[in-house]
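So the protein sequences, as listed, match chains A and B. Using the working numbering, read the first sequence as starting at 1402 and increasing by one per residue. Using the working numbering, read the second sequence as starting at 1402 and increasing by one per residue.
It is possible that part of the hints are untrue.
Stated by the list, open to error - Here are the simulated lysine-lysine pairs, DSS-like style, with alpha carbons at most 30 Å apart: (1) A:Lys1536 with A:Lys1594; (2) B:Lys1548 with A:Lys1548; (3) A:Lys1471 with A:Lys1562; (4) A:Lys1562 with A:Lys1594; (5) B:Lys1471 with A:Lys1594; (6) B:Lys1562 with B:Lys1548; (7) B:Lys1562 with A:Lys1471.
What the hints assert, rightly or not - Far from chain B by the CB rule (all over 12 Å, computed), these chain A residues: (8) Glu1432; (9) Phe1436; (10) Pro1455; (11) Gly1491; (12) Gly1493; (13) Gly1522; (14) Glu1535; (15) Lys1562; (16) Tyr1568; (17) Glu1585; (18) Ile1588.
Stated by the list, open to error - Only some residues are given here: those of chain A computed to face chain B with a beta carbon under 7 Å: (19) Arg1433; (20) Ser1440; (21) Tyr1451; (22) Phe1454; (23) Leu1558.
Derived from the structure by calculation, the hints contain no laboratory data. This one's a predicted model, so the numbers in the text were calculated from it and none came from an experiment. Glycine included, each C-beta is placed from N, C-alpha and C at the ideal position.
Number of protein chains: 2
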Amino acid sequence: MLAARLGHAFSQPALLRQALTHRSHASVNNERLEFLGDSVLNCIVATLLYRRFPQLPEGDLSRLRSHLVKEAALCELGTMLELGRYLLLGEGEVRSGGANRPSVLADAVEAIVGATYLDAGFAAAEALVTRLYEKTLTDLDPKSLGKDPKTLLQEHLQARKIAVPQYTVLATEGEAHCQLFRVECSIAALSLKTQGEGSSRRAAEQMAAKVAYEKISHD
Amino acid sequence: MLAARLGHAFSQPALLRQALTHRSHASVNNERLEFLGDSVLNCIVATLLYRRFPQLPEGDLSRLRSHLVKEAALCELGTMLELGRYLLLGEGEVRSGGANRPSVLADAVEAIVGATYLDAGFAAAEALVTRLYEKTLTDLDPKSLGKDPKTLLQEHLQARKIAVPQYTVLATEGEAHCQLFRVECSIAALSLKTQGEGSSRRAAEQMAAKVAYEKISHD
């Protein structure tokens, strides 16, 4: 059962039901709870990071928090909780796969945090969020997380006094509205060349940098 | 004394001192507390709005919250608390008027909320923020607040089935990097014409709309 998974027994089960109700299902839905839960979640994740990393500057804390509360991260928590089985969706949403849509799952996670907070106060919400993020926080490496591959690669090279990589567009294909870029990332000092593709030059560069970073950091 | 003004007696006065310490003064400063306090403040203001306006959709709640926690609003709270007298600033900051700078005051307010939260928990921070926002929340009109004048004017006219205003640029003065726009807002059905000035067309339109809205809504 979901309440058991959450580790919180609702004294007002209607709140949990509302948190699981998508706007396509009923006019009393989870949108207001999502608004509230988003801010509660942000606050608790900020607290967890503040305590876990007593030396980290606020810019890094802020970057880590964004990483932990972004849609993809919340969607992962929603999947882990198997929220898709419990969501109340309108018929159209059910047919179009709403129960697996990242935004729907992420919103429901926020709404559940909001519902827990209203049901039993801040400490209960804190206990829930702490449980949900336990593993993520233990594994969290503040040095790499939240940084994009180009930045990671550049910092890795600079620390070893190796010249920064060169990025070259090898090819551009397709029409203006759906172009595909192929980019090469070249690190002369290591005789390393990698490639990446993406719908923008920037995206292609990031992918090329990611491949290069993975090769180098595994060596 | 500040603690009396805040209505919270710190059991760890060092936290309050840190909340008042600008980064120009010491390496142990209020930046991390500001990060934490920002999220605590957001959460508590969200809670106050959620309870105060049980019917308001989440989009409006979100807009109202932005209005209440934006720099100008926090700066006003900081001025009310006379924080400028208590801030610890580096010499350069003191000379350049840092004690009255909106961003410095706003950051210190957030840091104080964070310090209160660490000192005595969420309930203490909630009590502080509730006191700070008591008057603002009582006066808050969810229909108008946070909306820009052009939107307000347009909604006001539409509700009365009056055609939307026409905006015309009357003059543009100055060099490219510091232009001044003068714009006219004309509401034909009311034979009303107002003017506004600003460094962008948009800003000038907003000012003209504000003058028009104030004339109309006072009639």
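Verification of the hints:
{"no.": "1", "hint": "A:Lys1536 with A:Lys1594", "result": "35 Å, violated"}
{"no.": "2", "hint": "B:Lys1548 with A:Lys1548", "result": "35 Å, violated"}
{"no.": "3", "hint": "A:Lys1471 with A:Lys1562", "result": "34 Å, violated"}
{"no.": "4", "hint": "A:Lys1562 with A:Lys1594", "result": "18 Å, holds"}
{"no.": "5", "hint": "B:Lys1471 with A:Lys1594", "result": "47 Å, violated"}
{"no.": "6", "hint": "B:Lys1562 with B:Lys1548", "result": "20 Å, holds"}
{"no.": "7", "hint": "B:Lys1562 with A:Lys1471", "result": "42 Å, violated"}
{"no.": "8", "hint": "Glu1432", "result": "4 Å, violated"}
{"no.": "9", "hint": "Phe1436", "result": "4 Å, violated"}
{"no.": "10", "hint": "Pro1455", "result": "9 Å, violated"}
{"no.": "11", "hint": "Gly1491", "result": "18 Å, holds"}
{"no.": "12", "hint": "Gly1493", "result": "21 Å, holds"}
{"no.": "13", "hint": "Gly1522", "result": "8 Å, violated"}
{"no.": "14", "hint": "Glu1535", "result": "20 Å, holds"}
{"no.": "15", "hint": "Lys1562", "result": "28 Å, holds"}
{"no.": "16", "hint": "Tyr1568", "result": "32 Å, holds"}
{"no.": "17", "hint": "Glu1585", "result": "39 Å, holds"}
{"no.": "18", "hint": "Ile1588", "result": "35 Å, holds"}
{"no.": "19", "hint": "Arg1433", "result": "5 Å, holds"}
{"no.": "20", "hint": "Ser1440", "result": "4 Å, holds"}
{"no.": "21", "hint": "Tyr1451", "result": "5 Å, holds"}
{"no.": "22", "hint": "Phe1454", "result": "9 Å, violated"}
{"no.": "23", "hint": "Leu1558", "result": "29 Å, violated"}
In terms of the numbered hints stated before, the structure departs from hints 1, 2, 3, 5, 7, 8, 9, 10, 13, 22, 23, listed from lowest to highest.
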